[in-house]
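Chains as they are written, first to last, in this note's numbering: chain A, 71 to 275; chain B, 71 to 275.
None of these hints come from the bench; they were simulated from the model.
A few of these clues could be false.
You can't tell identical chains apart in this list, so a pair holds if it fits in one copy or across any two.
Each computed BS3-like pair below joins lysine-lysine, with the alpha-carbon atoms no more than 27 Å apart [as the list claims (entries may be wrong)]: (1) Lys-190 <-> Lys-272; (2) Lys-84 <-> Lys-272; (3) Lys-219 <-> Lys-208; (4) Lys-172 <-> Lys-72; (5) Lys-263 <-> Lys-200; (6) Lys-200 <-> Lys-272; (7) Lys-274 <-> Lys-172; (8) Lys-219 <-> Lys-148; (9) Lys-208 <-> Lys-148; (10) Lys-84 <-> Lys-274; (11) Lys-200 <-> Lys-190; (12) Lys-84 <-> Lys-208; (13) Lys-200 <-> Lys-186; (14) Lys-186 <-> Lys-72; (15) Lys-263 <-> Lys-148; (16) Lys-84 <-> Lys-148.
There are 2 protein chains.
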Amino acid sequence: MKYFNSADLNNLEKRYRAHLINSCTGYKSANLIATRSEDGVENVAVFSSVTHLGSNPPLLSFILRPTTVPRNTYDNLKNTGYFTVNHIHADIVSEAHHTSAKYDGTISEFNQTQLKSEYKNEFYAPFVQKAPVQIGCKYIRDYYIEENKCLLIIGAIEQLHCEAQLLHDDGFIQLDRAQTVAVNGLDGYALAKLQERLAYAKPKN
Amino acid sequence: MKYFNSADLNNLEKRYRAHLINSCTGYKSANLIATRSEDGVENVAVFSSVTHLGSNPPLLSFILRPTTVPRNTYDNLKNTGYFTVNHIHADIVSEAHHTSAKYDGTISEFNQTQLKSEYKNEFYAPFVQKAPVQIGCKYIRDYYIEENKCLLIIGAIEQLHCEAQLLHDDGFIQLDRAQTVAVNGLDGYALAKLQERLAYAKPKN
Numbered sequence: 071m072k073y074f075n076s077a078d079l080n081n082l083e084k085r086y087r088a089h090l091i092n093s094c095t096g097y098k099s100a101n102l103i104a105t106r107s108e109d110g111v112e113n114v115a116v117f118s119s120v121t122h123l124g125s126n127p128p129l130l131s132f133i134l135r136p137t138t139v140p141r142n143t144y145d146n147l148k149n150t151g152y153f154t155v156n157h158i159h160a161d162i163v164s165e166a167h168h169t170s171a172k173y174d175g176t177i178s179e180f181n182q183t184q185l186k187s188e189y190k191n192e193f194y195a196p197f198v199q200k201a202p203v204q205i206g207c208k209y210i211r212d213y214y215i216e217e218n219k220c221l222l223i224i225g226a227i228e229q230l231h232c233e234a235q236l237l238h239d240d241g242f243i244q245l246d247r248a249q250t251v252a253v254n255g256l257d258g259y260a261l262a263k264l265q266e267r268l269a270y271a272k273p274k275n
Numbered sequence: 071m072k073y074f075n076s077a078d079l080n081n082l083e084k085r086y087r088a089h090l091i092n093s094c095t096g097y098k099s100a101n102l103i104a105t106r107s108e109d110g111v112e113n114v115a116v117f118s119s120v121t122h123l124g125s126n127p128p129l130l131s132f133i134l135r136p137t138t139v140p141r142n143t144y145d146n147l148k149n150t151g152y153f154t155v156n157h158i159h160a161d162i163v164s165e166a167h168h169t170s171a172k173y174d175g176t177i178s179e180f181n182q183t184q185l186k187s188e189y190k191n192e193f194y195a196p197f198v199q200k201a202p203v204q205i206g207c208k209y210i211r212d213y214y215i216e217e218n219k220c221l222l223i224i225g226a227i228e229q230l231h232c233e234a235q236l237l238h239d240d241g242f243i244q245l246d247r248a249q250t251v252a253v254n255g256l257d258g259y260a261l262a263k264l265q266e267r268l269a270y271a272k273p274k275n
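Sequences are here, hints too, so could you generate the full structure?
Below, the structure is given as C-alpha cells:
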C-alpha cells in the first residue's frame with residue numbers, strides 16, 4: 071500500500087493533492103446544475119458533490135467552492151430561490167465537462183455548448199434537455215464550512231422528472247439504464263453496471 | 071417522462087419515496103466507516119454519503135441519520151475523535167451491506183461478518199482489512215440539518231492508504247482498478263469502468 075500521512079498530504083504539489091483527495095472518497099454523482107438570473111441569463115455548470123440528504127422531506131445537498139470569486143450558480147439560486155439538478159449521461163459528458171470553464175456571468179454555458187435548456191411546469195430555473203433525470207429544487211439554506219470556506223447548499227426537491235423506463239415498481243431508479251455516469255476524481259467519467267440489489271439487512275440470530 | 075410534483079412526492083408510500091429519492095441524485099460512494107468505542111468495542115457500518123469536501127486542507131463529509139436512536143458510529147467518533155473510511159469493493163459487497171443491520175452497541179459488526187479490522191500507525195480507529203483505499207480521519211465538527219434532523223459530519227484526512235496499482239503519476243486514484251463499487255439508491259451496487267479523463271476546461275474564444 072502507498073501511504074500518505076498528514077505531513078505528506080500537506081507537502082504535496084497542489085494539483086497532485088487535488089487529484090488524490092478528489093478521488094479517494096470513491097465514486098461521485100455527475101450532475102448539471104442549472105439556474106437563471108433575475109435578468110433571465112441562464113447558467114449551467116457541472117457538479118460532482120450532489121448528495122442525497124433525506125427522503126422525507128425530499129432533500130439534497132451540494133458543495134460550492136469559496137465565494138471569493140463570482141459564482142453564477144450561487145448568485146442565481148440565492149436571488150431567485152430555484153435551481154435544477156440534471157443527470158449527466160454518456161452522450162453529453164464532454165459538453166457537460168466544458169461547463170466548468172470560467173465564463174463571465176453574462177455568458178450562458180447553454181450558448182457555449184450543445185446543451186439545450188427547457189422549461190417545465192412554470193419552474194423558474196431551466197432543466198437540461200434530454201437529461202434522463204431532472205430535479206427541480208427550491209433553495210432552502212446554506213451552511214458555511216469554516217475549515218475551507220465552502221458552502222453546503224440544501225435544496226428541497228419540488229419536481230422530479232424521470233424517464234419511465236428507469237423506474238422500478240418500488241420507486242428504484244435504475245441508473246445504468248440511462249447511462250448516467252459517475253465521476254472519479256476531478257476529471258474521470260465512468261460508466262457503471264448494476265450488479266445486484268440486496269435485501270434490507272437484519273441481524274443474524 | 072414520469073413526473074412527480076411536491077404533492078405526489080409527499081403522498082408516496084414511505085418505502086417507495088425512500089427508493090425514489092435515494093436513487094434520483096445519481097451514483098453514490100460506497101464506504102465502510104469504522105470506529106472504536108472508549109471501551110474498545112469496534113464498530114463498522116456502510117455509508118453511501120461520504121463526499122469529498124476539499125483538498126486543501128483534505129476534508130470529507132458524510133451524513134448521519136437522526137440521533138434519536140443509538141448511533142454507535144456517532145458516539146464513538148465524538149468520544150474518541152477518530153474514524154476511518156474504507157472503500158467497498160466487489161468481493162465484500164454482501165458483507166458490507168450486512169453492517170446496516172441494527173446490532174446492539176456491545177456487538178461488533180466485525181464479529182457478525184467476514185470483515186476483519188486492522189490497526190496501522192497508532193491510529194485509534196480500526197481500518198477494514200483489504201479495502202483498496204483506507205482513510206484515517208479526525209472528527210472536526212458537525213452541522214445539524216434542521217429540515218430533517220440529520221447531522222453532516224466533517225472529517226480531516228490524516229492518513230491515506232491506497233493500493234499502489236491504483237495510483238497514477240498525477241495523484242489520480244483509478245477506482246475501477248480496485249473494483250470499488252458505486253451505490254445506486256438504497257440497496258443497489260454497481261461496478262463502474264472508467265471511460266475517459268478530460269482535460270481542464272477553458273473557455274472557447
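Task: Unmet hints by their number, sorted upward, for this structure - done: 1, 4, 15 and 16
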